[in-house]
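*Asks:* One letter stands for each residue in the lines below.
2 protein chains.
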Amino acid sequence: MWARLNGGGSAAEIVERDDGFMSIAGSNASYFADVRGWSGAERKAIRSARGHTALDVGCGAGRVALHLQEKGFGVTAIDNSPLVVKTARARGVKDARLLPFEQIGRFKPGTFDTVVMFGNNFGLFGSRARAKRLLKQLHRITREGAVLLAQSLDPHQTRQRAHIAYQRRNRRRGRMPGQIRIRIRFNEFIGPWFDYLLVSAAEMSGIVDGTGWEVDRFLTEGGPHYVAVIRRV
Amino acid sequence: MWARLNGGGSAAEIVERDDGFMSIAGSNASYFADVRGWSGAERKAIRSARGHTALDVGCGAGRVALHLQEKGFGVTAIDNSPLVVKTARARGVKDARLLPFEQIGRFKPGTFDTVVMFGNNFGLFGSRARAKRLLKQLHRITREGAVLLAQSLDPHQTRQRAHIAYQRRNRRRGRMPGQIRIRIRFNEFIGPWFDYLLVSAAEMSGIVDGTGWEVDRFLTEGGPHYVAVIRRV
Chain A
1 MWARLNGGGS AAEIVERDDG FMSIAGSNAS YFADVRGWSG AERKAIRSAR
51 GHTALDVGCG AGRVALHLQE KGFGVTAIDN SPLVVKTARA RGVKDARLLP
101 FEQIGRFKPG TFDTVVMFGN NFGLFGSRAR AKRLLKQLHR ITREGAVLLA
151 QSLDPHQTRQ RAHIAYQRRN RRRGRMPGQI RIRIRFNEFI GPWFDYLLVS
201 AAEMSGIVDG TGWEVDRFLT EGGPHYVAVI RRV
Chain B
1 MWARLNGGGS AAEIVERDDG FMSIAGSNAS YFADVRGWSG AERKAIRSAR
51 GHTALDVGCG AGRVALHLQE KGFGVTAIDN SPLVVKTARA RGVKDARLLP
101 FEQIGRFKPG TFDTVVMFGN NFGLFGSRAR AKRLLKQLHR ITREGAVLLA
151 QSLDPHQTRQ RAHIAYQRRN RRRGRMPGQI RIRIRFNEFI GPWFDYLLVS
201 AAEMSGIVDG TGWEVDRFLT EGGPHYVAVI RRV
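Just so you know, the protein sequences line up as chains A and B, in that order.
Quick note: the first sequence uses our numbering, first residue 1, plus one each step.
Quick note: the second sequence uses our numbering, first residue 1, plus one each step.
There could be a bad hint or two in this list.
Same chains, same names: a pair is fine if it fits in one copy or spans any two.
[Unchecked claim] Pairs of lysine to any residue, SDA-like flavour, derived with a Cα cap of 25 Å:
| hint | residue 1 | residue 2 |
| --- | --- | --- |
| 1 | K44 | E70 |
| 2 | K108 | F186 |
| 3 | K86 | Q160 |
| 4 | K86 | R159 |
| 5 | K86 | R161 |
| 6 | K108 | A33 |
| 7 | K86 | M22 |
Since the hints were made in silico from the structure, they are not lab data.
With these hints in hand, go ahead and build the complete structure from the sequences.
*Replies:* Laid out in C-alpha cells, this is it:
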C-alpha cells in the first residue's frame with residue numbers, strides 16, 4: 001500500500017497458501033476506493049453504522065475509516081503493519097494505530113458503538129476459538145446497542161479442485177474448512193505465516209453464537225462474498 | 001492464458017525468481033492486445049517485418065501471429081506450452097505448434113523472412129552461449145535479407161536493491177547480470193525453473209556479434225524496454 005501511495009502503480013501483493021497455491025490479492029486499487037467503488041453489500045452495510053465512535057479493524061489504506069470520519073464518527077483505525085498505518089495516516093485517517101487485533105483488550109470497556117471488518121476482514125479472527133475469544137473482547141469494549149459489520153467469503157462456493165482438496169485436509173486436521181494458512185509476498189519481502197478464516201454464513205452464525213453478539217442479517221451479492229450485520233446482545 | 005480465454009478474467013501469472021523475489025507478469029490483458037494496444041516500439045518495429053514467411057517465437061496468445069497473418073504473412077507460431085498453443089489456435093492462429101525454442105533446427109534452411117520475439121522474448125535465449133547457438137540456427141532457417149525483431153528489457157535500469165544484489169551475485173557466478181532464473185506459478189501450478197535473459201542494448205550487440213546477424217537499430221521508449229531490429233548478414 002505504501003508502494004502504491006508513492007507511485008508504485010499496480011503494486012499488488014501475492015498471497016501464498018501453505019499448500020503452494022498462489023493468488024494475487026484483489027486489485028490493489030480496491031484498498032483505496034472511496035465508497036462509490038465499494039461492493040454493493042459494503043455500501044449497504046455501512047449505513048447500519050451507528051453511534052459516535054467506530055473501530056476499524058485491519059484498516060488498510062483507510063478507506064472505511066475515511067468514510068466514517070466524513071460521516072462524523074470518531075474513528076480508531078488499527079492495523080498490525082507499520083507501513084499500512086503510515087499509509088492510512090498519510091491519507092488523512094486521524095487516529096490510525098499500530099495495534100495487533102489480539103490486543104484490542106487495551107481499549108476501555110464500552111468505547112465503541114460500531115466495529116467494521118470490511119475487505120474479508122472477518123478472516124482476521126483466524127480460527128473458531130480465536131474468533132470466539134476476540135468477539136467476547138469486542139463485546140466488552142463496545143457499548144449497548146453496538147453493531148459489528150464484518151465481511152467474509154464463503155469458501156464452499158468454489159469448484160477449484162485445489163481449494164476443495166485443501167478444505168478436506170483442513171477437516172481431517174480438525175480445522176475449519178476455510179481456515180487457510182497464508183503469508184503475503186511482495187517483491188523480495190515475505191511476511192510471517194498466519195491463519196485466515198473464511199466461513200459460510202451458517203459457520204459464522206455458529207461462531208458468533210454465545211459471544212454476546214447475534215447475526216441480524218446477511219447482505220449478499222450473488223458471489224461468495226457477503227457482509228454480516230451483527231448486533232451486540 | 002487458457003484461463004483468461006475461458007472467462008478467467010484477470011488471471012495473471014506470478015513470476016518467482018530463485019532468490020525469492022516475486023512479481024506479477026505484466027497485465028494478462030497485454031498478451032491479448034491487438035496492434036493498437038502494443039507498445040510504441042513494437043508498433044514501429046513490426047513495420048520492418050519483410051518477405052512472405054514469419055516465425056513467431058514464444059507466440060503466447062498469438063497477438064503477433066494474428067497481426068502478421070492479417071498482413072498476408074504465412075506465419076508459424078511456436079511455444080513450449082500446450083495450453084498456450086491451444087489458446088493461440090482458438091484465437092485464429094493457423095499454424096501454431098508446440099515446439100521448444102531449442103528445436104528450431106527442425107525447420108528447413110531458408111524457411112523464414114522474418115522472426116519476431118516480442119514481449120521480452122529475447123529472454124528466451126536464456127544465456128549468452130545458448131543465444132549464440134540459437135542465433136546461428138535462426139540464421140540457417142532464414143533467407144537472405146531476413147530480419148529478426150526482438151524485445152528485451154535493460155536490467156541495469158533499476159534502482160531496486162534486490163535486483164542490484166541479484167545482478168552482483170550473477171556476475172560473481174560468471175553469469176550475465178540480467179540472466180535470471182525463474183519459474184511461473186499460477187494457482188496450484190508450478191512450472192519448471194528456467195533461465196531468462198535480460199540484456200542492455202550493448203550486451204545484446206555483443207551477443208549478436210559473430211552469429212550471422214547484426215543489430216540495425218534499437219527502438220526505445222523512455223523506459224527499460226526496447227526492441228532491436230536485427231538483420232541477417
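*Asks:* Does each hint fit the structure? Answer for all of them.
*Replies:* Checked hints:
In the homo-oligomer, the alpha carbons of K44 and E70 lie at most 25 Å apart inside one protomer (17 Å), although the nearest pairing across protomers, at 49 Å, exceeds that limit. In this homomeric assembly, K108 and F186 never come within 25 Å of each other (Cα to Cα): the closest approach is 36 Å inside a single copy and 46 Å across copies. Proximity of K86 and Q160 under a CA criterion of 25 Å is satisfied inter-copy only: 21 Å between copies versus 37 Å inside one chain copy. In this homomeric assembly, K86 and R159 come within 25 Å of each other (Cα to Cα) only across copies, at 23 Å, whereas the closest approach inside a single copy is 38 Å.
For the identical chains of this complex, K86 and R161 are inter-copy neighbours only, at 22 Å across copies versus 39 Å inside a copy, given an alpha-carbon limit of 25 Å. Taking identical chains as interchangeable, the C-alpha atoms of K108 and A33 are never at most 25 Å apart, the minima being 31 Å within one chain and 56 Å between chains. Taking CA atoms no more than 25 Å apart as the test, K86 paired with M22 passes between copies only; the shortest distance there is 24 Å, against 27 Å inside one copy.
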